[in-house]
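Mind docking chains B and C on chain A? Use the hints.
So the chains spell out like this:
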Amino acid sequence: MNIFERISRLDRRWIYLILAAVVVITVMLKYETPIRISPEVRSVYDFVEAQPPGSYIHMAIDYDPGSLAEMHPMTYAIMEQALCRKLKIIMTALSPNGPGMAEQAMLDIMDSVKMHCGREVVYGKDIVFLGYKPYPGIVILSMGQNYRLSFPSDYYNTPLDSIDMMKGIANYGDVNGIILITGTSGVDYWISYANGRYNAPLAVGLTGVMAADYYPYLRSGQIFGLMGGMLGAAEYEKLVKRPGRAMEAMRVQVWTHIVIILFIIIGNIGYLISRRKGEVK
Amino acid sequence: MSWDTFLWTTLAVSLTLCTFSFLYRDNPFYKFSESLFVGVSAGYFVIILWYNGLVPTLFDRIWVDPSQQWYQIWSGGWWSGLVTGKWWYIIPGILGLLMWFRFSKKKGWISRYPIAFYIGIATGAAIPLEMQNRVNRQLADTLISPNFSAGFIAGISDIIIVLGVICGLFYFFFSVAHKGSFGAVAKMGIYILMIGFGASFGYTVMGRISLFIERVQSIRDWVRMGWDGGAGGIVVIWVVCLIVLLLVLLELMKYLRGRPSEGTAQ
Amino acid sequence: MKKEIPLLIVFVSGLFMAVQFFVPHSTSEKIYEFVMEWTIIIGIFALALGIWSLIRVSVNRIRRRTPNWQYSIVILAGMFGMVIFGLSFLGGVRSYMFRHFFDYVMIPLHATMFSLLAFFIASAAFRAFRARTALATVLLLSALILMLRFNPYLGPLGDQDAALAAWILNVPNLAAKRAIIIGIGLGIVATALKVILGIERGYMGSD
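Residue numbers (the numbering used here), protein chains in the order written: chain A, 147 to 427; chain B, 590 to 855; chain C, 133 to 339.
If we strip away everything but chain A, and leave its shape as in the complex, we get (with noise of 0.2 Å):
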């Protein structure tokens, strides 16, 4: 048995080994990675930036801390912009789990912004947190024909008609468009049915699982943006000058995935030289 045979029979154990070391390495040191911004990631930045202040935009916070790693850097990135330009912010939360990293979401964004854009963020004039319901599609289209519906109060319990910023706001129509973040397949409600129904414009930030499955509607023009995963919010980051931990992030990526093609390549020669000796088929 020659090297590579050896190799590719390894514990998997050492893989695992050597994926956290090449991690803990890199996370470590401090490098620039250039990134370069697509189209679909603009769309969303040039959305947000042509949105006059006082005006309106619905945040759905639709994630689990699964895909926090993922998901919050675009939550914070696009938040925290909006925000800074005087926007006004309607946030829900239909992941079952995802309520609490919202509002957590929410506190620390209200923070940073006063403390990078010298702005006092009042919770019900320029923000306001609807929270969770359960079973996404209703939902979704229940908010299409009034907020009211399946939110008759806020998260902390505040009837939404005594909410400052709530009044003259029924449904879809009064806001200028929906920004989604999510790693739940809650998306394709969203599109059918806040997008389908209402025509709703509709932006999506997703998990790289699911990033490369959801081009079809944003070429359709179903969706207007479409952020993929750590290296999408790392774009994000960049366009709005806050560097943040998806930048950093993806730094290490760059050489994680470079173990892992490697990992590819000597388990393809060990695969060929088997082959080769006749004892795979």
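One should not assume that every hint holds.
What the hints assert, rightly or not - Restricting the straight-line Cα-Cα distance to at most 30 Å, the calculated cross-link-like pairs of lysine-lysine (DSS-like) are:
| # | chain 1 | residue 1 | chain 2 | residue 2 |
| --- | --- | --- | --- | --- |
| 1 | C | Lys135 | B | Lys695 |
| 2 | C | Lys134 | B | Lys694 |
| 3 | C | Lys135 | B | Lys694 |
No lab work stands behind these hints: they were computed from the structure.
What follows is chains B and C alone, placed relative to chain A:
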């Protein structure tokens, strides 16, 4: 450094390391963290369902007197709250409770009524919208004239998209045997599908690695927090690292003595 | 009675929702809104079924002393602990313990469970990703092009790789995924019709 935040973060890092221990092999630390995860998630979901779900959509609609809470049945204003409220919401509440008959062997059929209502609504809503958005709009965007005015590659790409979609749809049509010319088109379709799956795999690798990178960033931030916080923080970090190191050494000793290792579930 | 009425309910409600999409009349919209509100309330009770199942299974495991029954105690302790922390008289969702347990126990555990997948995908790539056939080779090449697109160490080849990756995503990948989306859409419509017409009755459970 706030000691409160640092100690909570130390708890978070410890639970993270307990979960990562599964990569070596299944062990009580991992089982504990997994069970805690299930329990805490379920408890969190109960609270969210209650405060974000039932209270605003059901109870606050039925009992509207703002000076009273819906559960203050001992108060004088409870009945007036019910009269001024939308009492008819009790009906979906009762229908929802009928769902719980699902657990009864004899009376389980009662749960079919609310389930049927929900299934009917969801499927009825899906028909026109899915047809319009997944089929019609996608087909409409596919069957367009190739746009060579945007460039030769753009025009060729449009043609590839049309042919690719048609070939892919041919592949998924299993009512006809994939032979002859039909088979050739289906074969082209599977090649296009493989390119798509390869693209998804490339994105998936990035997606999965991101999750681990974020965990390492969190652990790094905890180390920095302790380091910047002074001697107390460093002591806590060293204690956690020492415990992890001892456990790793114990496992290594077992391994070197030739005891069989169970390995991970994967 | 036990089967006929549910079938009738599914038929009537399904037909109403399908037809309502095309009827913008105010009465139709009012009924539609009414139905939405009721469905959300009913749905909340359905989700609670899962919680009760978890409690039942855990209690049974403890009673019967099945292997690893001690971890069922951890499950129940975690669950009831969170419920107690979240009670309104202790501060509800804004309470210190509820928030901190969410931020420092639930988020790290949830995120770490999913981060294990990074290792599994690396192991899978090493052990299973083989260019055995032409199809597998095409898949492999497509994956490699996408994985190298943000690599800054390829020099001028990097720009070409990035452009090729963008083309793959926007052309052949788009075609493939579109074929899948159309197939899924037709499947959803067919299944929904079967449910509404009573051909598909799996939701009713057994007698």
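_Violations among the numbered hints_ = Those not satisfied: there are none.
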